[in-house]
Structures are given as structure tokens and as C-alpha cells.
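J.: Chain by chain, the residues:
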Amino acid sequence: MIGVVRFLGTNCDQDIWKAVESSGKTPSWLWYQDQFNYKDYESIIIPGGFSYGDYVRTGALAAKTPVMDSVREAAKYGVPIMGICNGFQILCESGLLPGVLVKNNNLRFIDKWVELKGENSCESWGGKMQSCNLPIAHGEGCFFTHEEELKQIEDQQQVWLRYKENPNGSLNDIAGVMNKEKNVAGLMPHPERALFDWMGGSDGAKFF
Amino acid sequence: MILVGVKIMPRKEVLDSQGRATMKTLGHHEIALNDCRVGKYVELKFDKETKEEALSKSKEIAELILFNPLVETFELEVKEL
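Residue numbers (the working numbering), protein chains in the order written: chain F, 1 to 208; chain E, 1 to 81.
Hints are supplied without guarantee of correctness; some may be wrong.
[To be verified] Reference listing, derived: stretches of chain F covered by chain E, where coverage requires no fewer than 3 residues with Cβ under 8 Å from a Cβ of chain E:
| # | segment |
| --- | --- |
| 1 | 7-14 |
| 2 | 53-66 |
| 3 | 140-148 |
Keep in mind the hints are simulated off the structure, nothing from the lab. Where a beta carbon is used, it is the ideal one built from N, C-alpha and C, also for glycine.
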């Protein structure tokens, strides 16, 4: 069973549900007030959206909800966790992933397809990615951290995906990162919006 | 009653998009500035706590939710009501 976490303001939840179903697995909703036993889930996905209307900072309030206490516990025991877009922002704010996502450097909401390069393999979510095309849709997708942590992320091979052409000012063209243990991963692009050719591309399918 | 104000500001090394946009707009009004930075101000009210307790709780709240040390700094100020 794959847990799909929902907060007030999550809006990519149905897309993730369909993506999980189309990969032949069984999705199950997790509400922000829920606490769960990590043994009941083979993996957890945190979909995109605008949790808490992006109040305070993107992902900041969602990161402190009861369900995230369970997600932190699951992460500790090696359960694969993936955060997409706002889900990525939530994982950074909850301390499960390094860095933070700040406003795009052109100050605009960017909605377009981008080319990505798989940097390091994430065995939990699709293994080694070559290049892939996925859509992005975000206002705060600029990956930022201090110099020391950035060096650590690179040295420990935690960069998952890089933009071939940086759309938002992210440091080192980072589009997705992993934790040190590589079971928690986050990315700004939306693989669930690129499952079949009729969606404009099917590169997203391998993430599920 | 004690009121604690939490002032949160973007770090100097981080692009402050709100500050930049505000400064640009002021420029259209021919108001030239050296810099303009936009932050947040949060008021926390405490009923029973002493000044010291209110300050220490506010620090805890700021660190839990109100600010992200990677991109922001915060300062506390106390007003006794």
C-alpha cells in the first residue's frame, strides 16, 4: 500500500492516486491529522499543491502536522518517501531533506516542460534516470542552501535530478535531492503529469 | 499581559523578491533608495507568563515554525501591557 498524504490545500492528490494505480499499486489516503504505523506502508508520496495557502513559508505549516511526525518516523526506518513540488517544500521544511525552496529568481510562477538529467540514482523511486522531460509549475522552486551544506549534498551524491537549462535560479541547477540514506527524495517537476503520451510525454511513469 | 513581537527578515545573501519589487516600484515614483527589504512581524500574546518565560516560549515558537535559519533571521521584542 502506498500512502498519499493530503493537507488542506493539497491539489495534486487525485493525479498521484491515478499515477499509483496505473503503476499497478494500491494507493491509500493519509489525512494531515492522521498518525500511522510505518509498517503498513511500502512507501509514502506527498503530492503538490498549496498546503495552508503557502502561509508563513511554503510547506512550513504542513511540516509540523501530526502526519509528518509519522512520516519522520517512517523515514527513520527506511520507508521510501517522495515529495513532489509542494511535497518537496514540505520535506525540506520538515528537516527530512536538506535546503529550502525560495521564490524563483525571475519572481514569476513558471509553468512549462523542462529537460532534466538524472544525476545520482534513487533506488526507491525509479533507479537511475537518464534524461527526462517533465512539466514544472511553481512560484517557489529555487533550491537554496548555505555553501557548506551544498558541498555536502554534492559530496554525498544526494543530487537526484538537475535541470539542463535552469528555469528558476536553483543552486547547481538542482531540481531534486535525496537525504543521505537515499530513501527520502523530493523534486520540483511533476512526474504524475507525464504518465502517457497523450499528456505530452510519458517520462514520469518511471517514477512510480 | 505580555506581548512579544517577532521580527523576521530575509538574510542579506538571499534575494529578497518583495524588497526588490517594492524598491523598483518606488523607483517609478522617482524615490531612490539604497536598499529596501521586506520581512514579517508576528505578535504573540501571553496571559500568565513572566517576561522571561514569554521570551523563551517565543524563541521556541520562532524556531519551530516562524523562521527558517537558511534564509531568514529573527529578533524578539517585549512589550508589557
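J.: All hints are to be evaluated individually against the structure, with a verdict given for each.
T.: Going down the list of hints, with the structure as the test:
Counting residues of the segment 7-14 of chain F whose beta carbon lies closer than 8 Å to any beta carbon of chain E gives 0, which falls below the threshold of three, so the coverage claim is violated. Residue count for the segment 53-66 of chain F with a Cβ under 8 Å from a Cβ of chain E: 5. That meets the three needed, and the coverage hint holds. For the segment 140-148 of chain F, the stated coverage by chain E holds: 3 residues have a C-beta nearer than 8 Å to a C-beta of that chain, and at least 3 were required.
Comparing the model with each numbered hint stated earlier shows that hint 1 is the single one that does not hold.
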